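Residue numbers (our numbering), protein chains in the order written: chain A, -9 to 363; chain B, 9 to 558; chain C, 31 to 348.
A portion of the hints provided could be inaccurate.
Said to hold, decoys possible - Pairs of lysine-lysine, PhoX-like flavour, derived with a Cα cap of 25 Å:
| id | chain 1 | residue 1 | chain 2 | residue 2 |
| --- | --- | --- | --- | --- |
| 1 | C | K192 | B | K102 |
| 2 | B | K370 | B | K247 |
| 3 | C | K252 | A | K161 |
| 4 | A | K161 | C | K192 |
| 5 | B | K190 | B | K206 |
| 6 | C | K192 | B | K399 |
| 7 | B | K314 | B | K88 |
| 8 | B | K383 | B | K487 |
| 9 | C | K252 | B | K102 |
| 10 | B | K487 | B | K370 |
| 11 | B | K330 | B | K370 |
| 12 | B | K460 | C | K281 |
| 13 | C | K252 | A | K165 |
| 14 | A | K165 | C | K114 |
| 15 | B | K206 | B | K247 |
| 16 | B | K88 | A | K122 |
| 17 | A | K161 | C | K74 |
| 18 | B | K541 | B | K85 |
| 19 | A | K165 | C | K67 |
| 20 | C | K65 | B | K370 |
| 21 | B | K66 | B | K370 |
| 22 | B | K407 | B | K178 |
| 23 | C | K74 | A | K69 |
| 24 | B | K206 | B | K541 |
| 25 | C | K281 | A | K161 |
| 26 | A | K122 | B | K541 |
| 27 | B | K213 | B | K178 |
| 28 | B | K95 | B | K314 |
| 29 | B | K178 | C | K192 |
| 30 | A | K165 | C | K65 |
| 31 | B | K399 | B | K206 |
| 32 | C | K233 | C | K252 |
Bear in mind the hints are in silico, worked out from the structure with no lab data behind them.
None of these values were measured; they are calculated from a predicted model.
Residue-level listing of the chains:
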Amino acid sequence: MSSSSKTLDPAGSAGPASVLPGSAQAPGAPEKSGKAGNPGEHSKHGKPSKTGKRSGGARNARTAAQRRGSLWSRIRRDKVMLALILPGFAYFVVFHYVPLAGNIIAFLDYKPYLGFVDSVWVGLDNFSAMFKDAAFWVALRNTLVITGLQLVLFFPVPIMLALLLNSIMSKRIRKFVQSVVYLPHFIGWVIIVAVFSEILGATGVVPHVLQSLGLPRFDAMTTPEFFPFLVTIQSVWKDAGWGTIIFLAALMNVDQELYEAAAVDGAGPWHRMWNITMPGIMPVVILLLILNLGSILSVGFEQIVLQRDNVGPGAGEVLDTYVYFHGIQDGQWGPAAAVGLVKGIVGLFLVLGANKLAHFFGQEGVYSSGKSK
Amino acid sequence: MNAATRPAGPSRRNFLSVAGVGALALFGAGSLAACGQRTVAGVSNASDALLPTTIPLKAQAADIAGTADGVPSAFFKYPKAFRSVEKAPLNGTKITAITNLFGTAPNGRGSNPAWQAIEERLGGTVEITSVSSDDYDTKFNTVVAGGDLPDLMLNNGSAVKDTIEFLQAKCADLTPYLGGDKIAAYPNLAAIPEIFWKNTVQAGKIYSLPIPRNLTGGSGFVNQTMLEKVGVSSTADIKDKDDFYRVATALTDPANNQWALGSTKFGLTMLHHIFRTPNVWRNDGGKLTRAFETEEYLAAIEFAAKLYKDGLYVPGSEGWTKSQMVNAFIAGKVAMIYDGLPAYTGPTGYGRSLPAANPANKAVPFIPFGHDGGKAQTWLDNVTFGTVMLKQNDEAKLKEVLGVANFLAAPFGSEEYLLLNYGVEGTDYTLDGNGNPIATERGLLDTAVPWKYLAAPQQVVFDPSNKEIATTLHSAYSKLIPLGVANPCETLFSPTDSSQGSKLGQPVSDAATAFIAGRGDMAGLKAAIAAWKTSGGDTIRGEYEQALAS
Amino acid sequence: MSTPVANPSNALRAPRPTLRQRWEAGNERPVWMEKPKPAMQLGKAILIVAICFMALYPLFAVLATSLSSQTEIANNNGLVLFPKEPTLAAYQTIFAGGVVTNALVRSLLITLIGTALSLVVTVAMAYGLSRRNLVGGRFFLMTALFTMLFSPGIIPSFLMVKELGLLNSYAALVLPTLMSAFNLVVVRSFFMNLPQELFEAAKIDGAGDFRILVQMVLPLSKGVLAVVGLFYAVSYWNAFFNAMLYLNDDKWPLSMILRQYVLLGQPMGDAGAVAEIAVPSQAIQMAVVVVSLLPIVIVFPFLQRYFTKGVLTGAIKG
């Protein structure tokens, strides 16, 4: 029970969560015991030796030397695993990497009927035109404001909702509530936006209530300053319930024994939540956070484009609508691909950076950084 | 970028990969409609000698005759059908086509007696790639990039960007088959009046077939009952803009959930007609002025801003979807809207839907007046729905394809029109006591095959349900078309406009929206217009002026 | 609609014997867990009821509107809560002629087969990648991750599908979206989370990697398989874009057919925006939403039994 008592140490909650067998990247028993015997280690962040240990663990350090044979022998050792990877890898190559070469149109004045070969090569013109356009920077700013706000306001909601759902003891109620909160995910934006304007719009319910209370009318749908909040609220309504799925799956993998042990040790419900539940799902939270960062330059296109004109491009233009209005509508395949590439590169750096940061804080992130050589 | 949409990995990624293109999904119709910025394919010196000669078919006894300047004829009941095509154009061969589809997907060929009957008359099969109208631009360009072009291809006005290059590289020159009297070989095509063929001429050659519409989209609709309640019997009687302001104020009663105006994007067309804003461009002896550079445009926008500021628009209506606008109009929440005239007839048209919701209510087309007591000016902005291009082929094949087009262009009153639009008698429709075809339940799905977007005759006004609807609409066309001005650049081509037109025009329309909605001002609008000039507007103007001069 | 929620929460707060019997079956409170304070319970109950109300109100409005006449919808500004004369007309319109019914069958088959294939490929690759010191493991993982950030674009994807001869075949709806890197990473992360010592032991007993996957890993992973399976199923069910791009209308899945109805109610431009066809009534659009929701509502309870606590723990103990 050394691990559970360690987890109850408040200082430990900020440290390595992986001591829990139930945590998503649980490094396995050998490492766990190694860690438990070295309780101070979690405070020493960022040492290369540590990351190496984290991902590989003591076991790897030991076995790597034995197993580091020739490449061929390692392949033979892993042949079943490699064979299992093969179909998926082939899929990614055929349906992603080969067509990905088509992004060359970012450097072309691409015309579909001329094809890749005969379209005119324009070098970086598509990129420079984009960076020179003031509207692009406005769209970029709006995108970052909205995604930033969603990161702060939206991202925690599914986690909290999942905790709430998880705390419902009656199976029937939990199932019912679960089913209910998933449903909005399946309603299209057209209808959601219409429903919101019935409620928050100038002729909707809320302004009427405000007016009857003697308060100033507030039209949430057409106030530019409120737009990022509006978009976030709509996203929460639509997708917070759906977003709980992964967290619930993570929650159900948290080891029940830990709770039991903690309860025996006299820890209250809040204490258990902070010191067992949260560290238990933290790897999943970090994983999703990192993956989300990759798409920080994308905001729901359909949602925004439906409402852009309510607030004007100053507040309502985001990168995806910018591409639509400035690229696609004129058949500008090249510039549209250029924006896509820039978004991808930014996302790549963010994911790599966030993953590094996660390692720094003792989390595994999406992939392990230090190879166990 | 939220955790919740993330899990649906594939679909989301798909959506992103199409970012804007999936977007077309949403706004295809919008881009189609974004007439303000769109350049309809066309070219300069369409020498008249080359245009097809118009050879009217034997006169049909219309209940109200059309006119030479394009007012359509009107029918109160379906006339006795005549056969317009004797010989099957195909000889067991197959042709392919791509066009767009509105509404429901049709029954497949195997379970579609109407489709089978049509192919029997054609003497061969037609493989149609039907694309949701909103996805058409995406799918068309993808198919083009794939290399296998269909024999018949709809150009909806937005799918093909660099029109002339595409036509010259990939499409058949139809001049040898249709120019001048040659068109006589295809009598149904020859019956389409000359005005509709002007759009089909590019770089001095006929490259496509027109899909005619009734010239003008109109100025919108008004709830006649509400109008009469404030003492006005017709919008045409409104004296000037001050009188209009007075009427609009009288029509607005927020306490009763009632406003004078409210449309997607403010329904500005109506006001532009009142203020005589040019139709996209104004041509003063070879010198072009873009509509939004004119005093008339600014005055119309300023007036709209005043109406908005004074609460005569339904609050929030600028963000309406079309459904919301339709609902508000039907419910009597808004007295005047902008929607195209074709939305008047048919089972769900305003002509029937307003009285259905409230027997006291009645919708009529808005007939504009001049802002200064003079005449209004409407736009001939709905000359064609689009054009249909033919893939390059040998002569025999092209003649076959044109034969099919001739069949599909069979005029109102013909057997072929009945077959194409109503299907097979007994299965898809029955004739009522007056000889009007009444669609059966399956008829709607059998006839949803988009034949009419591959080739079509000149349109007529026809609503067998109610004589008054046909009369009202015909009367509106008779008043609106004579007031209409064409876009002088409609048949011209500007490479810059084609490739950057909407990008350049977007800030102007955004600034106008901001001004009207009270977020911006006149100075902002003028600045956007000035920016348009320097950032490419003057180039576009130059290209059009050059095309005009040549 | 809040009653089913209110009752159980009351039952939780002060369980009278009869109610306790009724709910005991579903009550999972472990022996060690203390009874929460009543105030806390009340607050939670209110919160849950509020959340359910917020989620259900618009859905209820959607359902009610789908049962209303156009007149009533117009008079209610678009959303009806209690239709005076409920009518199934909108559903009759949608289902007339069998087009929707056929598409429904097609969609179900595509979703079933697609989800099964996707799960197989994803589980296989995720299992392979869950081996910590796999040869090239990092390379394979990064290969997958990279696809989340860069999209190939429509035309190149179309050309690939065309070259593979998949145009106008149902395979074009499955193969190009066979796997999502996101789901792969999630499954891999759950596999890595499993107690490795079990597998080490099995290995010593002579079990191969594949046998461990089938006999040990999969039974322990029902929860995550249910989650990822649901993600795949939902994306196959809703996917329309590939259907639009690769299939002719006689092969369209339900999503594409339904989209046709909803799209026509979308915003439109101004000048010259001439309706080619009248907007379908709002009732039809709402009926479309209801139809597309139905499979989820029907299927979800079956998946839910895997979404239970303690699957893993029980297995480790046993």
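Hint check results:
| no. | hint | in the structure |
| --- | --- | --- |
| 1 | K192(C) - K102(B) | 21 Å, holds |
| 2 | K370(B) - K247(B) | 22 Å, holds |
| 3 | K252(C) - K161(A) | 18 Å, holds |
| 4 | K161(A) - K192(C) | 49 Å, violated |
| 5 | K190(B) - K206(B) | 16 Å, holds |
| 6 | K192(C) - K399(B) | 20 Å, holds |
| 7 | K314(B) - K88(B) | 53 Å, violated |
| 8 | K383(B) - K487(B) | 11 Å, holds |
| 9 | K252(C) - K102(B) | 52 Å, violated |
| 10 | K487(B) - K370(B) | 19 Å, holds |
| 11 | K330(B) - K370(B) | 20 Å, holds |
| 12 | K460(B) - K281(C) | 22 Å, holds |
| 13 | K252(C) - K165(A) | 17 Å, holds |
| 14 | K165(A) - K114(C) | 32 Å, violated |
| 15 | K206(B) - K247(B) | 36 Å, violated |
| 16 | K88(B) - K122(A) | 64 Å, violated |
| 17 | K161(A) - K74(C) | 15 Å, holds |
| 18 | K541(B) - K85(B) | 52 Å, violated |
| 19 | K165(A) - K67(C) | 23 Å, holds |
| 20 | K65(C) - K370(B) | 66 Å, violated |
| 21 | K66(B) - K370(B) | 37 Å, violated |
| 22 | K407(B) - K178(B) | 17 Å, holds |
| 23 | K74(C) - K69(A) | 52 Å, violated |
| 24 | K206(B) - K541(B) | 28 Å, violated |
| 25 | K281(C) - K161(A) | 41 Å, violated |
| 26 | K122(A) - K541(B) | 17 Å, holds |
| 27 | K213(B) - K178(B) | 14 Å, holds |
| 28 | K95(B) - K314(B) | 61 Å, violated |
| 29 | K178(B) - K192(C) | 20 Å, holds |
| 30 | K165(A) - K65(C) | 21 Å, holds |
| 31 | K399(B) - K206(B) | 20 Å, holds |
| 32 | K233(C) - K252(C) | 22 Å, holds |
Taken one by one, the earlier hints fail for this structure at numbers 4, 7, 9, 14, 15, 16, 18, 20, 21, 23, 24, 25 and 28, listed in ascending order.
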